[in-house]
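Protein chains: 2
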Amino acid sequence: MAFQGKKLMDDPDDAVTDFIEGLVETYPALHYLDGFPQIKVVLCSDISTDKVAVISGGGSGHEPAHAGFVGEGMLSAAICGDVFTSPPVDSILAGIRAVTGPKGCLLIVKNYTGDRLNFGLAAEQAKSEGYKVEIVIVGDDCALPPPRGIAGRRGLAGTILVHKVAGAAAEAGLPLADVAAEAKYASEMVGTMGVALSVCTLPGQLTSDRLGPGKMELGLGIHGEPGAAVVDLLPVDPVVSHVLQQILSKDTQYVPITRGSRVVVMINGLGATPIMELMIASGKTVPKLQVEHGLAVDRVYTGSFMTSLDMAGFSISIMKADEVILRRLDAPTKAPYWPVSVEGDRPPTKLPVPIPTSCSRKNDEGSNRPQELSVQGRILEAAIEAAANAIINIKDCLNEWDGKVGDGDCGSTLFRGAAAIVEDMRNYYPLNDAAETINEIGSSVERVMGGTSGIMYRTYSTH
Amino acid sequence: MAFQGKKLMDDPDDAVTDFIEGLVETYPALHYLDGFPQIKVVLCSDISTDKVAVISGGGSGHEPAHAGFVGEGMLSAAICGDVFTSPPVDSILAGIRAVTGPKGCLLIVKNYTGDRLNFGLAAEQAKSEGYKVEIVIVGDDCALPPPRGIAGRRGLAGTILVHKVAGAAAEAGLPLADVAAEAKYASEMVGTMGVALSVCTLPGQLTSDRLGPGKMELGLGIHGEPGAAVVDLLPVDPVVSHVLQQILSKDTQYVPITRGSRVVVMINGLGATPIMELMIASGKTVPKLQVEHGLAVDRVYTGSFMTSLDMAGFSISIMKADEVILRRLDAPTKAPYWPVSVEGDRPPTKLPVPIPTSCSRKNDEGSNRPQELSVQGRILEAAIEAAANAIINIKDCLNEWDGKVGDGDCGSTLFRGAAAIVEDMRNYYPLNDAAETINEIGSSVERVMGGTSGIMYRTYSTH
Numbered sequence: 001m002a003f004q005g006k007k008l009m010d011d012p013d014d015a016v017t018d019f020i021e022g023l024v025e026t027y028p029a030l031h032y033l034d035g036f037p038q039i040k041v042v043l044c045s046d047i048s049t050d051k052v053a054v055i056s057g058g059g060s061g062h063e064p065a066h067a068g069f070v071g072e073g074m075l076s077a078a079i080c081g082d083v084f085t086s087p088p089v090d091s092i093l094a095g096i097r098a099v100t101g102p103k104g105c106l107l108i109v110k111n112y113t114g115d116r117l118n119f120g121l122a123a124e125q126a127k128s129e130g131y132k133v134e135i136v137i138v139g140d141d142c143a144l145p146p147p148r149g150i151a152g153r154r155g156l157a158g159t160i161l162v163h164k165v166a167g168a169a170a171e172a173g174l175p176l177a178d179v180a181a182e183a184k185y186a187s188e189m190v191g192t193m194g195v196a197l198s199v200c201t202l203p204g205q206l207t208s209d210r211l212g213p214g215k216m217e218l219g220l221g222i223h224g225e226p227g228a229a230v231v232d233l234l235p236v237d238p239v240v241s242h243v244l245q246q247i248l249s250k251d252t253q254y255v256p257i258t259r260g261s262r263v264v265v266m267i268n269g270l271g272a273t274p275i276m277e278l279m280i281a282s283g284k285t286v287p288k289l290q291v292e293h294g295l296a297v298d299r300v301y302t303g304s305f306m307t308s309l310d311m312a313g314f315s316i317s318i319m320k321a322d323e324v325i326l327r328r329l330d331a332p333t334k335a336p337y338w339p340v341s342v343e344g345d346r347p348p349t350k351l352p353v354p355i356p357t358s359c360s361r362k363n364d365e366g367s368n369r370p371q372e373l374s375v376q377g378r379i380l381e382a383a384i385e386a387a388a389n390a391i392i393n394i395k396d397c398l399n400e401w402d403g404k405v406g407d408g409d410c411g412s413t414l415f416r417g418a419a420a421i422v423e424d425m426r427n428y429y430p431l432n433d434a435a436e437t438i439n440e441i442g443s444s445v446e447r448v449m450g451g452t453s454g455i456m457y458r459t460y461s462t463h
Numbered sequence: 001m002a003f004q005g006k007k008l009m010d011d012p013d014d015a016v017t018d019f020i021e022g023l024v025e026t027y028p029a030l031h032y033l034d035g036f037p038q039i040k041v042v043l044c045s046d047i048s049t050d051k052v053a054v055i056s057g058g059g060s061g062h063e064p065a066h067a068g069f070v071g072e073g074m075l076s077a078a079i080c081g082d083v084f085t086s087p088p089v090d091s092i093l094a095g096i097r098a099v100t101g102p103k104g105c106l107l108i109v110k111n112y113t114g115d116r117l118n119f120g121l122a123a124e125q126a127k128s129e130g131y132k133v134e135i136v137i138v139g140d141d142c143a144l145p146p147p148r149g150i151a152g153r154r155g156l157a158g159t160i161l162v163h164k165v166a167g168a169a170a171e172a173g174l175p176l177a178d179v180a181a182e183a184k185y186a187s188e189m190v191g192t193m194g195v196a197l198s199v200c201t202l203p204g205q206l207t208s209d210r211l212g213p214g215k216m217e218l219g220l221g222i223h224g225e226p227g228a229a230v231v232d233l234l235p236v237d238p239v240v241s242h243v244l245q246q247i248l249s250k251d252t253q254y255v256p257i258t259r260g261s262r263v264v265v266m267i268n269g270l271g272a273t274p275i276m277e278l279m280i281a282s283g284k285t286v287p288k289l290q291v292e293h294g295l296a297v298d299r300v301y302t303g304s305f306m307t308s309l310d311m312a313g314f315s316i317s318i319m320k321a322d323e324v325i326l327r328r329l330d331a332p333t334k335a336p337y338w339p340v341s342v343e344g345d346r347p348p349t350k351l352p353v354p355i356p357t358s359c360s361r362k363n364d365e366g367s368n369r370p371q372e373l374s375v376q377g378r379i380l381e382a383a384i385e386a387a388a389n390a391i392i393n394i395k396d397c398l399n400e401w402d403g404k405v406g407d408g409d410c411g412s413t414l415f416r417g418a419a420a421i422v423e424d425m426r427n428y429y430p431l432n433d434a435a436e437t438i439n440e441i442g443s444s445v446e447r448v449m450g451g452t453s454g455i456m457y458r459t460y461s462t463h
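Here the protein sequences line up with chains C and E, keeping their order.
Each residue of the first sequence is one higher than the last, beginning at 1 in the UniProt record's numbering.
Each residue of the second sequence is one higher than the last, beginning at 1 in the UniProt record's numbering.
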């Protein structure tokens, strides 16, 4: 049974137009081309045509791709189609004419039939008008095994890395042939696979319930095309392992990455995935690439770059890196959505920054659990343990009550405090000294509970 | 009935720890403090203590806030609590000790009881150790009418703007009293209100179904606290109007913004809102502020800055701007999540960039609909209209079929083509000349359809 998804928009038919209006309101340097909204071309206001122009685009619904990557050092223009629909030849041609100078332009096209046809025909027409035009097709999908029929592999988030390499090469002043060669090489070095917890909802349309409760899909496409398999929802660790194995598979040989290679990795949100979950995936991905696959990870790009409307999930892209590719990826750009503060050498492992003054009370001279408990000590231990267990047992109930008036974490917070008390008591509470033990309870509570209740109990127990 | 939300993570209890691991993997300059993961403090590796340190933090679940705003020119350190739980005093104190030099530190705290207690006690302890410490509390919520009881107004996304103002003031070398004064002034100039389509799901917990199908909530909090009202889902235009009226209300006088004021605006995603929808909201917000409220909009920040886990929806923050505030907001920063390419003067309205060579065929010499149709012309008109209407009528059916094999847009694409043909035929098809009319159909189709089918039909009709 399909259902009606919720979206914050006006007329669904105006979604792309309204998106572009907001984009140019947000970024002073971005403009749309005359003919808007019928022609949906986003470009920079200070167009310089003395370098190779890098143009991309395709159906909308993948925001910030592609319009959010327009800016000095990345794309010269983005041609936006309707949602999941390739832009028509007229729009592409208008974009080419607007930004292409004597050094020509490179069109970077994701491998879909509509995009190849429309961009291909626009390129032919532009050439017939005297423009120098090259096309690079990106098909980085690694989810489906070969043979992939005549359509070939789909273009996914790896395309963004190709944009950056090409844009930086053009900005460096290279001629068209070299910019195209670098982009083509980059496109051959990158592999991507996606995982989704939900399918996407097209504006104004019903949502498919192909992914029911407790299910996830491996390898689906950025338009919600069915993937390799629908499986039970798994923790992120095995999901990441599976995705990395698919991308780096020796059977398909989709990317020429072998042990000892240097790589960059992109963890890409599919639209509705919070940054917390994307970062958790990054944190799992990097050590696996290093330890299990023997790769050196030079850069990590985590964010939502090539989305599928409101799909929940992520894709992982791995690109084989070398000095030239790293220089291109690190080159400055004014494109609003290229991630900042990612460039620069990464330490092999991150060491924690030491705290100037120790503030861990427990490891100072500290207290100790007595070798032998007095009668009073045994009574105190039993009482503390009973109280702590009572709290541990009503965790869910307290959370539920708190959810009605606050943020629903009261039970979890008290649980953490009670569990820490039980553990610390076993290790070092001076149970034969009741006053000092109460002090230690305050210290345990302060350390782990946080929240409003944490500080309140701490204050009660130490004053 | 509550239900189980889907998340890509491992042990829900490790969500915050795993998030921080991914964050420091992604950004080479970010590190965690010794004592991690029990102490969750994110800071810069190249800590300089010769300027005022700006420290913030609070419960996690609001990513990228606050750890994503650590970097030169913004926060010196972020103290991360567990999900929706204020960090304990020990952690805050460790963070203060790690980044505070002789010029002291400013703590920016969202107005929640737990945060005020924990940061307040940590500040007192730090002072007793000889540190200079100031605190600024942010309570920018405008959803709920006064009186707000002893708790006061909640801290929302406006806090991020206060971080930036304070961070830039500290980076400029100002003494603690001045940094605190600028932050306090900024906190008094900003108002925020949120709108949600879904409540958030805490890791490992069930999701409340408080917001059922077709419902939205006005003014709820960033921990899912109930808001001002649950109403039927509305288009974004009236939603934005309502939110702006609430923030700028003359009754509550929450922010001192009046006609003629200069403002900056932040459209903040709550976690699961795609960039397309955030940008659509921006595109509606700016003209309303200008035209309906008579304000000059100096900057627009659109993105997900202060989220509520996986909540769908957005908040709007409006801050009264002046030269000092704009200079602080525009100052460069290495904080990964402060938006780039937003600074600089905005034109009063955006004019489209002209296309160098006209590529609009229709407006050239063009064809004209005959004053009087021949018999053949009338037959042709009837045939075209019947065919177009047949396509228009099966739009949904075609979308459904296409959804099974492709991206589900075939019916919408053909609908656009058929509708354009009907309209263009009325305006200018030379219906007495069948061959030329077919050419014009090709031109209509090319202009509006796009996609694979657009280019195919165009090719058929013109060759």
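Treat the hints as calculated values from the structure; they're not laboratory data.
Among the hints, erroneous ones may be present.
Claimed, not checked - Below, simulated DSSO-like cross-link-like pairs (lysine-lysine); rule was C-alpha separation at most 30 Å, straight line:
id, chain 1, residue 1, chain 2, residue 2
1, E, Lys404, C, Lys6
2, E, Lys184, E, Lys215
3, E, Lys6, C, Lys404
4, C, Lys334, E, Lys320
5, E, Lys215, C, Lys404
6, E, Lys320, C, Lys215
What the hints assert, rightly or not - Not everything, but these chain C residues come out facing chain E in the computed CB check (under 8 Å):
id, residue
7, Pro28
8, Asp209
9, Gly212
10, Gln290
11, Gly294
12, Asp409
Even for Gly, the Cβ is constructed at its ideal location relative to N, Cα and C.
Structure-based check of each hint:
no.	hint	verdict
1	E/Lys404 - C/Lys6	holds (22 Å)
2	E/Lys184 - E/Lys215	violated (37 Å)
3	E/Lys6 - C/Lys404	holds (22 Å)
4	C/Lys334 - E/Lys320	holds (27 Å)
5	E/Lys215 - C/Lys404	holds (19 Å)
6	E/Lys320 - C/Lys215	violated (47 Å)
7	Pro28	holds (5 Å)
8	Asp209	violated (12 Å)
9	Gly212	violated (10 Å)
10	Gln290	violated (10 Å)
11	Gly294	violated (17 Å)
12	Asp409	holds (5 Å)
Of the hints listed earlier, those the structure fails to meet are numbers 2, 6, 8, 9, 10 and 11, in rising order.
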